[in-house]
Amino acid sequence: MNILLRLMLLFSLAFSTMVFAQSTAWLSSPQHPPAQVRLMLTGELDAATQRLPAVLQVKLEDDWKTYWRSPGEGGVAPSIDWQGSSNFESAEWLWPVPQRYSLLGLETYGYQHSVDFPLLLTVASLTQATKLQGVLTLSTCTNVCVLTDYPFSLDFIPEQLRVDSEAMYLYNKAKVAVPQVVSGNNSEFIWDANQQRLQVNLAKGVDWQQPTVLVDGDPDTTFKLLQLEQSANGLSAIFNGENWLGEPELLGNTLKVSVFDKQHAYEYHATVQAGAVMLESVSWFKLLAFALLGGIILNIMPCVLPVLGMKLSSVIAAPHQQQAHIRRQFVASAAGIVASFWLLAGFVLLLKFSGQAVGWGVQFQQPWFIAFMVLVTGLFAINMLGAFDISLPSSWQTRLATSGDNNYLGHFLQGMFATLLATPCSAPFLGTAVAFALGADTTSLLVIFTALALGMALPWLLVAAFPRLAQALPKPGKWMGTVKLIFALMLLLTCLWLVSLLANYVATPILLAVVTLLLLVFVLILAKQHGAKVLLISLSSMVLLGGGVALLGALTSERWAKALPTDLVWQPLQQSNIAEQVKQGNVVFVDVTADWCITCKANKVGVILQNPTYSLLKQPSTRLVKGDWTKPSNQVSTFLQSYQRFGVPFNIVYGPAAPQGIALPVILSHQAIEQAFAQAAGSAIRIQE
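Note that the sequence shown covers residues 1 to 689 in the numbering used here.
Simulated from the structure, these hints should not be mistaken for lab results. What you are looking at is a predicted structure, and each value in this text was computed from that prediction instead of being measured. Warning: the hint list may mix true and false statements.
[What the hints assert, rightly or not] With a straight-line cut-off of 27 Å between C-alpha atoms, the simulated BS3-like cross-links for lysine-lysine are:
#1 K583 with K626
#2 K175 with K131
#3 K204 with K256
#4 K256 with K175
#5 K224 with K256
#6 K224 with K204
#7 K262 with K286
#8 K262 with K224
#9 K583 with K224
#10 K131 with K59
#11 K173 with K286
#12 K59 with K173
#13 K173 with K256
#14 K618 with K604
#15 K262 with K175
#16 K583 with K601
#17 K601 with K618
#18 K262 with K59
#19 K631 with K604
#20 K59 with K175
#21 K204 with K131
#22 K204 with K175
#23 K601 with K626
#24 K618 with K583
[As the list claims (entries may be wrong)] Here are the in silico distance ranges between beta carbons for each label pair:
#25 V181 with G84: 29 to 35 Å
#26 G275 with T122: 36 to 42 Å
#27 Q227 with Q273: 14 to 20 Å
Quick reminder that beta carbons are idealized off the backbone N, C-alpha and C, glycines included.
My request is simple: use the sequences and hints to build the entire structure.
Okay, here's the thing in structure tokens:
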């Protein structure tokens with residue numbers, strides 16, 4: 001009898017162990033020892049919903065990490081296949097707030113070292129035997145990724161579960177880190193299909209302190225944060241949306257947005273609506289100030305200086321003009337500048353509406369425009385020598401010249417001409433203002449271009465406001481002929497530079513013929529105006545001076561001059577190649593340039609091809625990439641616009657520590673390049689003279 005009782009007791013204990021198996025052991029895989037998982041039931045249940053709380057524990061060694069429900073641009077979210085379970089209906093997986101990780105420009109979201117996932121399991125009956133049988137698929141990564149399966153099984157009767165204090169503690173602790181779903185009309189999601197940007201607007205309600213904002217919805221679409229702003233009205237975040245299958249289709253879909261900081265964690269749901277999304281990284285006050293300063297600086301750029309010389313020459317030639325007349329002349333030129341900027345704005349808007357690439361100086365990509373500018377600058381140069389007046393049709397009854405009569409269309413057109421010559425130049429402050437304008441709506445674009453125009457017209461307006469400034473110039477005399485000749489030479493050099501730009505479109509013999517013709521006309525006019533004797537003396541002096549300088553240079557060049565190097569090896573611009581080079585541990589220097597860009601030439605001659613930058617670019621771990629925007633290029637335009645740039649020059653440095661790139665200033669310097677290289681490489685690089 002005692003033996004029978006003992007057998008019954010042992011059977012009872014074994015049965016109870018089977019019934020109350022509330023936790024798996026720590027599960028691991030021999031193929032991947034750094035990861036361990038365990039599933040625990042808390043023992044609590046909700047009779048109304050027939051839900052059982054559980055917690056899935058994940059332990060990871062060293063730097064291994066696993067992923068959030070929306071892993072980002074890499075990785076796979078963990079999942080459980082419940083096939084084989086009985087008396088089981090569904091599982092709700094709750095996700096604690098993740099961390100953001102960045103590697104080679106790719107952003108992912110997940111958990112490192114350890115994470116506990118709260119689960120809510122729904123069963124069909126609380127009184128029936130239940131079998132939880134499934135396979136957990138877990139993706140873990142360091143510099144490599146491993147996908148591991150963990151089979152598990154639990155058998156129990158729900159109503160007979162006992163509360164497990166450890167499991168309850170882990171479940172409650174993990175649930176605190178899960179964002180709380182916010183109900184109500186307090187969020188707005190706007191999708192701009194043209195720019196593939198998503199804007200998330202959240203009403204004021206939480207005092208966020210440096211929040212993280214994450215979007216998840218379509219598993220094939222990733223969202224990269226571009227801008228995050230907080231104001232009295234709430235929080236606004238702008239993301240770039242990318243889908244590896246094509247363009248994201250978000251309109252009408254419901255997205256989840258998680259927002260969290262050290263104190264708060266909330267989840268917002270909303271249906272995506274259509275609308276325009278604009279980045280506003282700079283305040284309007286700063287943008288207008290940048291536009292004004294950029295316009296002012298354009299006046300001293302080499303592309304505009306000859307036109308200013310023409311204007312000063314006209315004032316010098318007629319020193320006794322009335323103040324009112326001088327005022328009207330300079331107002332007319334300023335009006336020409338403003339009008340030409342408005343025409344440029346209209347031209348840009350037409351390109352935008354037609355879906356074409358836009359950019360500062362983009363008209364210099366067209367050979368017909370360059371040819372027109374060659375003709376105009378050549379005529380102006382000849383006109384400065386006094387050979388003839390450039391007359392418009394008699395019905396306009398004015399002349400395109402620097403005369404001192406009462407007709408002002410010529411002065412108006414001078415202002416327009418100055419603006420056209422300014423467009424291949426990029427000046428400090430100009431890039432920021434133009435980049436914002438070209439990416440903004442119609443009204444913003446017109447306002448920024450107007451501010452640029454007023455900045456460039458400011459010196460002209462100052463003379464109009466204070467005509468005595470013009471009258472303070474020296475009295476006319478023989479020296480004026482020399483001044484006008486200098487201005488004519490400046491315009492001729494500008495004309496020859498424009499001719500050189502046509503080398504990409506016209507055969508070299510034709511260009512040589514054009515240059516020869518220009519020089520011949522210039523020489524003949526010089527002889528006509530000053531006599532053959534003066535011409536002969538001038539040409540002889542130039543030949544002797546040039547020959548003497550050349551001889552002196554040849555004899556002493558080893559001491560003071562060096563030819564510019566030509567051995568830098570440049571690869572064509574391809575973003576995929578940049579990422580591959582960075583992945584291999586190289587630093588990549590990208591130079592987006594154009595033959596018609598004067599600032600690009602200055603950067604090249606003054607910085608890129610000079611030590612210490614040249615030595616840095618020659619290092620074995622440096623890769624050089626060039627984007628040529630001389631002619632229209634969709635690839636280069638897309639690259640520029642991805643960094644909110646719409647003109648050249650644009651230089652950026654990539655490296656293992658800066659896979660997203662470090663943009664350099666418009667006017668390059670050795671120090672800026674050295675600092676960018678050091679930051680991109682993740683070490684203190686020193687370049688030697």
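Going down the list of hints, with the structure as the test:
1. A distance of roughly 19 Å separates the Cα atoms of K583 and K626; the hinted pair therefore holds under the 27 Å criterion.
2. With a C-alpha separation of about 25 Å, the suggested pair K175 and K131 falls inside the 27 Å cut-off, and the hint holds.
3. For the suggested pair K204 and K256, the alpha carbons sit about 18 Å apart, so the restraint of at most 27 Å is met.
4. For the given pair, K256 sits about 18 Å from K175 by alpha-carbon distance, which is consistent with the 27 Å threshold.
5. Of the supplied pair hints, the one linking K224 and K256 holds, its CA atoms being roughly 15 Å apart against a limit of 27 Å.
6. Straight-line distance between C-alpha atoms of K224 and K204 comes to about 23 Å, which keeps the hinted pair within the 27 Å bound.
7. For the hint pairing K262 with K286, the CA-to-CA distance comes to about 33 Å; that exceeds 27 Å, so the pair is violated.
8. Restraint check for K262 and K224: satisfied, since their Cα atoms lie roughly 21 Å apart, inside the 27 Å limit.
9. For the hint pairing K583 with K224, the CA-to-CA distance comes to about 20 Å; that is within 27 Å, so the pair holds.
10. For the hint pairing K131 with K59, the CA-to-CA distance comes to about 25 Å; that is within 27 Å, so the pair holds.
11. The hinted pair formed by K173 and K286 fails the criterion: a straight-line CA distance of about 47 Å is larger than 27 Å.
12. Taken as a hint, the K59 and K173 pair is honoured in the structure, with Cα atoms around 16 Å apart against an allowance of 27 Å.
13. At roughly 23 Å between alpha-carbon atoms, K173 and K256 fall within 27 Å of each other, so this suggested pair holds.
14. With a C-alpha separation of about 15 Å, the suggested pair K618 and K604 falls inside the 27 Å cut-off, and the hint holds.
15. Between K262 and K175 the alpha-carbon distance is near 15 Å, which keeps this suggested pair within the 27 Å criterion.
16. The suggested pairing of K583 with K601 is violated, with an alpha-carbon distance near 31 Å, which exceeds 27 Å.
17. Between K601 and K618 the alpha-carbon distance is near 20 Å, which keeps this suggested pair within the 27 Å criterion.
18. With a CA separation close to 23 Å, the supplied pair K262 and K59 stays within the 27 Å bound.
19. This hinted pair checks out: K631 and K604 have alpha carbons roughly 19 Å apart, not beyond 27 Å.
20. For the suggested pair K59 and K175, the alpha carbons sit about 17 Å apart, so the restraint of at most 27 Å is met.
21. With a C-alpha separation of about 46 Å, the suggested pair K204 and K131 falls outside the 27 Å cut-off, and the hint is violated.
22. Between the alpha carbons of K204 and K175 the distance comes to roughly 25 Å, so the proposed pair stays at or under 27 Å and holds.
23. Simply put, K601 and K626 have alpha-carbon atoms about 14 Å apart, close enough for the 27 Å limit, and the pair holds.
24. For a cut-off of 27 Å, the pair hint linking K618 to K583 stands: about 20 Å separates their Cα positions.
25. The beta-carbon spacing between V181 and G84, approximately 31 Å, falls within the hinted interval of 29 to 35 Å.
26. One distance hint, 36 to 42 Å for the beta-carbon pair G275 and T122, holds here, with the actual separation near 39 Å.
27. Hint check: Q227 to Q273, Cβ distance near 19 Å, so the stated range 14 to 20 Å holds.
Checked against the numbered hints given earlier, the structure breaks hints 7, 11, 16 and 21 and satisfies all the rest.
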